[in-house]
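**Q** Residues per chain are reported as follows:
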Amino acid sequence: MADFIDYLFGIDDSWFSYLVAALVAAVLILHVVAVGALLFIWMERKISGRIQDRLGPTRVGGKFGWLQTLADGIKLIAKEDITPDLADRFLFKIAPYIGLAASYAAFIALPFADGVVGQHLNTAVFFVLAVLGLEVFSVILAGYASGSKWSLFGAMREAAQVVSYEVPLGMCVVVPVMICGTMNLTTIANMQSGFFTNWLVFNDPFTFLTAIIYFTCATAGVNRAPFDLAEAESELVAGFHTEYSGLRWSLFFMAEYSSMFIVSALASILFFGGPHGPIPIADILGLLPTENLGSGSAQAFNENADGFFAAMNVQVMIARVLGVGNLILKGVIGVTLMMWIRWSFPRLRIDQVMTMCLKYCVPLAAIGFIGATAWQYLDLPTGNALVDAPRYEHHEMWTDGLSKNESDVEAEAEAVESVEEVQTPHANDKVTDASSVTVKTVPVSVEKGGDQ
Amino acid sequence: MSEIPLVSELREKFGEGIIDVNLEAIDEWVEVNPSVLVEVSQYLKEAEGFRFDMCNSITVVDYLETDPKKAAKVDWEPHMEVVYHLSSIATKLTLVLKVKIPRWKNDVEGELPTVPSVAGVWATADWHEREAFDLSGVNFLGHPHLKRILCPDDWEGYPLRKDYEMPLEYHGIRGR
Amino acid sequence: MLLIGTVSVSWYLAVGAVLFVLGAVCMATKRNLLGVLMGVELVLNGANMNFIAFGSKVLRPEGSLGLDGQLIALFVIVLAAAEAAVALAIALNFYNNHNTVDVDRANELNG
Amino acid sequence: MATSKIDDPRVIEFDVRTDEMLINMGPQHPSTHGVLRLVLRSDGEVVSDVEPHLGYLHRCAEKIGENLTARQWIPYTDRMDYLAAMNMNLGWSLVIEKLIEYDLPERGRHLRVIISEMGRIASHLVAMGTYGLDLGSFTPFLYGFRERERILNLFEEVCGARLTYSYLTPGGATADLPSGWTDKCREFLTQFKEVIPELHTLLTTNSIFVSRTAGIGVMSARMAIDYGCTGPVLRGSGVYHDLRFHGEERYTEMYDGYVFDVICADPETGKYPESNYEFHGDKLDYPEIPRQAILGDCWHRFYVRMLEVVQSVRLIEQAIEKYEATSGDWGKPIKLIQKLPAKEAYMETEAPRGQMGFYVVGNGDSIPWRVRARSSSFCNLSVTAPLCQGILLADIPAIVGSLDVVMGEIDR
Amino acid sequence: MDLIAVAWPYWHQFFFVLFAATAIGFGFGVLLSKNVVRMAFYLVLSLGSTAGLFFLAGAEFVGAMQLMIYVGGTMVLLIFGVMLTAQKDFINMDTHTQDWILATIVGGSLLMVLLFGAFGSEDWKTPQDITDAEVQATKEATPLGLALTGIRVDTLGESTDAVAEGKSGYLMPFIIVSIHLLVVLIGAAYMARTKKLSHATDDKSSRAKLMLFKMEHEEEQLEEEQYVVTHRAKSALNPLDSENED
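Chains as they are written, first to last, in numbering that gives the first Met the number 0: chain R, 0 to 451; chain X, 0 to 175; chain S, 0 to 110; chain G, 0 to 411; chain E, 0 to 245.
Hints may be right or wrong, so weigh each one.
To be verified - In silico BS3-like pairs for lysine-lysine, Cα to Cα no more than 27 Å straight-line:
#1 G:Lys62 to X:Lys161
#2 G:Lys321 to X:Lys161
#3 G:Lys62 to X:Lys146
#4 X:Lys97 to G:Lys342
#5 X:Lys12 to X:Lys44
#6 X:Lys44 to X:Lys91
These are calculated hints, taken from the structure and not from any lab test. All figures in this text were calculated on a predicted structure; none of them were measured in a lab.
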């Protein structure tokens, strides 16, 4: 992007172009957060309406009341911003922004498609989870600072719940990380390209189990019904946001809806192929030449301007748009599922939520993890192998930038030989098609050593 | 009706405590002396064959005619009646107990008349007696925490008394 | 933004040192048991900063600790979590038994 | 600070001790069904003591009754249990009829059965929906209200009002049923029967619902009777008592010739009466009683209401047939200034929330000397304090919701 | 859009100043704030900024872990503790003036020493040039993970015996820390319990116990059969009907 701006204005590498590039990315993500929240709130109303045998909003904005949320947003902005007397004013005012900032920051590392990502991180999975986990602070601080007992109850519940559910959530996330051998979300997604049988959820029974546990824990992690104890309206009035009004109140909801989308999108990347649809349309149409795909990531583009513009052709752009569409669609499906659950079930009690986590989610996640490890270790057939579909493995590794010249590739080959005796969890990695793979997992990890 | 053996048993057991029995009324009632009310209640609740295990309602009726013209015509002295409606889930019987009390204790205006509390016999009498105290101004002796239930704690007067007058104002709110 | 010239390891060490001292002073001055605990966290972070700085190949490709720095930092984080859990349990126990979190009042062992 | 009575399991072992606090639940709280105020004494999430505070809706309706004639007070009964106003009208009408010894024509009797059982269905639907709401499920509420709206439409055709009907009066009813109304009623029942399994799926058999209600707020039969609990609350504890069977003759004769079950679990076997509920020609069984449920818990109270709805449907079906088979007078209202004899009468009817009693003392004038309403919710609510000891905060809406109180009736 | 890699000199400085300023600033916040909840809040921000510095120094995995374990886990725990004990008297606690003076003197001199040390070495003070590739390489987490399992990929080229045998990793410390953590968590959970009552820790929950207790006390004199007349057969007729028939 920055290169592109340099090129556009005919200037040299300067901080200006990077600033513009960063702003563009930031604004785009902000749109996902803000417009996404608008869309999801509208969706929630329509979906709950349909579930409850009514219409939902119908008037504002012409058909289907699609501008209803915007109208409500304007109303909320116009409302008085009330701070209770007993509140800790500073914390009370800042709390909603922390939540929004956390869920916004998590988008930074979330790849919408190969190369469409705010900041490319090698530890993207954990970054997203970690940053999303910070959202709990907004709830705790809001609950504490409100000076209301109901808010405090909500905050305590939230703290206990989120910290507990992070454990099984992390264990579930480790499974795809373990199978793919990387924490890079782009790579994890690319490893699931091709037909839907290649999705990790169908890899083996344990990943299927893990996907379900992940979704359950994610629902609990973002405080959605039946785990929405922090804002249980029948018990705690409105929980942690009892005392909030106007814009600050709506910020909590923007944060909630965007984190719903993040966990759904993360689920789709980790288990459901991410930007890759069930049928590799882009591949079949030849939009995404396989030799481009491996190096289609951002840092490869940034290698040099030529490489960047070479890759920036129309075909790849269409493929990326398809990928972004796919991911957003899957995320929306996940969000819809959460809404469906919310409007169908009563709420659990706090001890039941904890029991669910400690008695069911943690052991099941552990079983899923051990089972998936054993499956990999024993090299049992994956779901993809059963249907005998072609397997695409597009590993995009940290050495992409290094192994550009022939000598490096040779060195890599040597490295492979030199460390063959090193048994690692990835030694039995899946069979790969040599032509479509840039670098193989294990050798790449040790290539640096070979270099020296 | 099966009240007749009941009445004879009651008379036998409590003698002077049973003041009056009316079997012609729509709902047959027994008037008892306040001093034996708790014992009678306990007996009625536990006696084989009756088992009045449920206290449906406790009502206080204020007999005071405020209109002097009509007051001349009535055939009773001003007094209050505490009416206990009892029924039995085990035997499906019903009974009305009545206790007659003066409107004010020792006829001193403001001193609440007293009746022994039956909250120890039927747990439900707890709230009913609080309501009767709140609205009619009857002091139930031995009640665990006799305080107003429907009106605010600092309300003045007992609204269901015939001579009750709405206060002119309550915390700055106009009463009438 | 170009106040300090190119950032070198020393600057990271300086940040670590400041955090360390802030934490140490915090430990010394706070009367609230949990405040003391927070000081400990700051101290550990200041120390961690040094490991990261020395282990960073970005800052100092030649002569860096390499992975060891990051690994030790990881261990420090994990141990800090364990330390916090134990300290918090002690704090709660103290609170339960003494009805206060003022460390100055924990003087039972005084002669 | 919990007391240290070791033998008393009411003192719960806390993971971490926090300080006790007093919390006001209500009068403005989403799950207190109006303006009930509960003062909770809680240590963290564990509530050790609950004290209900009433009176936020107090209008002293009894005092008003001492200044109005019997028929004029009918609208005030509407405003007691505003969710089952027809049944309130019925209770007052019957006690006045008892006082003036008036006998209702047969057509009016069947009319009253239709109307009061419809009122019971409407009330139980609200109870079901709001209970779902208390437990955090919004959808059953709207499902219940959708059906209730249909009943209200029918009521509107009958009397012109949708909430405060003032339809049943001493002497009968203000008007006969409009022509063609019974067909609409049948139509409603046909479609309503199909909805019942949906409601069971949404709540009764939902595992989260079961885990929230089963074994919570267990009330023994003795306790229920001692605290004067009546209606579904009493029957949920396994006490076989329904005034439609066991009440005064003047009331039970209204149901002469009707076939229906008293919904109550047999404490010996724990079984409810078998289903007589036709669904597309097949007999549809009631949902299974979950393993965790204990007789007298919140789940049973809810279940009793759900099954009573089916019995009401049965009753209405019979009543419509009987009503159509009879002709003549439906029972015209008594005169507005009908003189009341100098006697007193007390009568209880089986309203949806329990036994609603009215007591009237006449003095020969048309205005009663003393009027008294014995509220079923009032007595049912009094059991809150003993039930809510040593429970979790989230159980309070579950328990109070299962008692199904209406503040209009409690505060009068 | 890989900003840090290419625009290294600019962005490194910018973000270093940003994160260092917030880390130190909120560190001062922790020190100076009297309100314990705000202290915790400032500490969260300070630690978060430190995580930013870790990212900046190329330790992405450690940074993410700092966010996840430290900020996300430990700090939530800490705030939880603060809220449990934050009764009115303990929210604000003043420090004695003599403590302040003493601490400032000792802390100031310590800072001087440390800063002197930090800037004392020319080797540390002079920035070194790096290539993009090295920036990328240092961010990979796989070598870190392998090192925790005992395999040091970065030292494979070296020729010491330990390296040749693959023993230069951190497998043993990793296992020790894992067990340590487990033991500590169990111990902490045990310690934090109030050991007042152990009555309700049987197989049944205290809830069930409570219920049984209530039932026992209520049903002492209960003759249940009095209340529960035998259950009606289905389609029971109204009793009045049968009376009429009789």
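**Q** If a hint holds in the structure, say so; if it doesn't, say that too.
**A** Evaluated hints:
Proposed proximity of G:Lys62 and X:Lys161 is supported: the alpha carbons are some 9 Å apart, at most 27 Å. The hinted pair formed by G:Lys321 and X:Lys161 fails the criterion: a straight-line CA distance of about 46 Å is larger than 27 Å. For the given pair, G:Lys62 sits about 20 Å from X:Lys146 by alpha-carbon distance, which is consistent with the 27 Å threshold. Of the pairs offered as hints, the one joining X:Lys97 and G:Lys342 holds, with about 14 Å between alpha carbons and a cut-off of 27 Å not exceeded.
Restraint check: the Cα-Cα separation between X:Lys12 and X:Lys44 comes to about 14 Å, which is no more than 27 Å; the hinted pair holds. Note on X:Lys44 and X:Lys91: the hinted pairing holds, with a Cα-Cα distance of about 13 Å set against a maximum of 27 Å.
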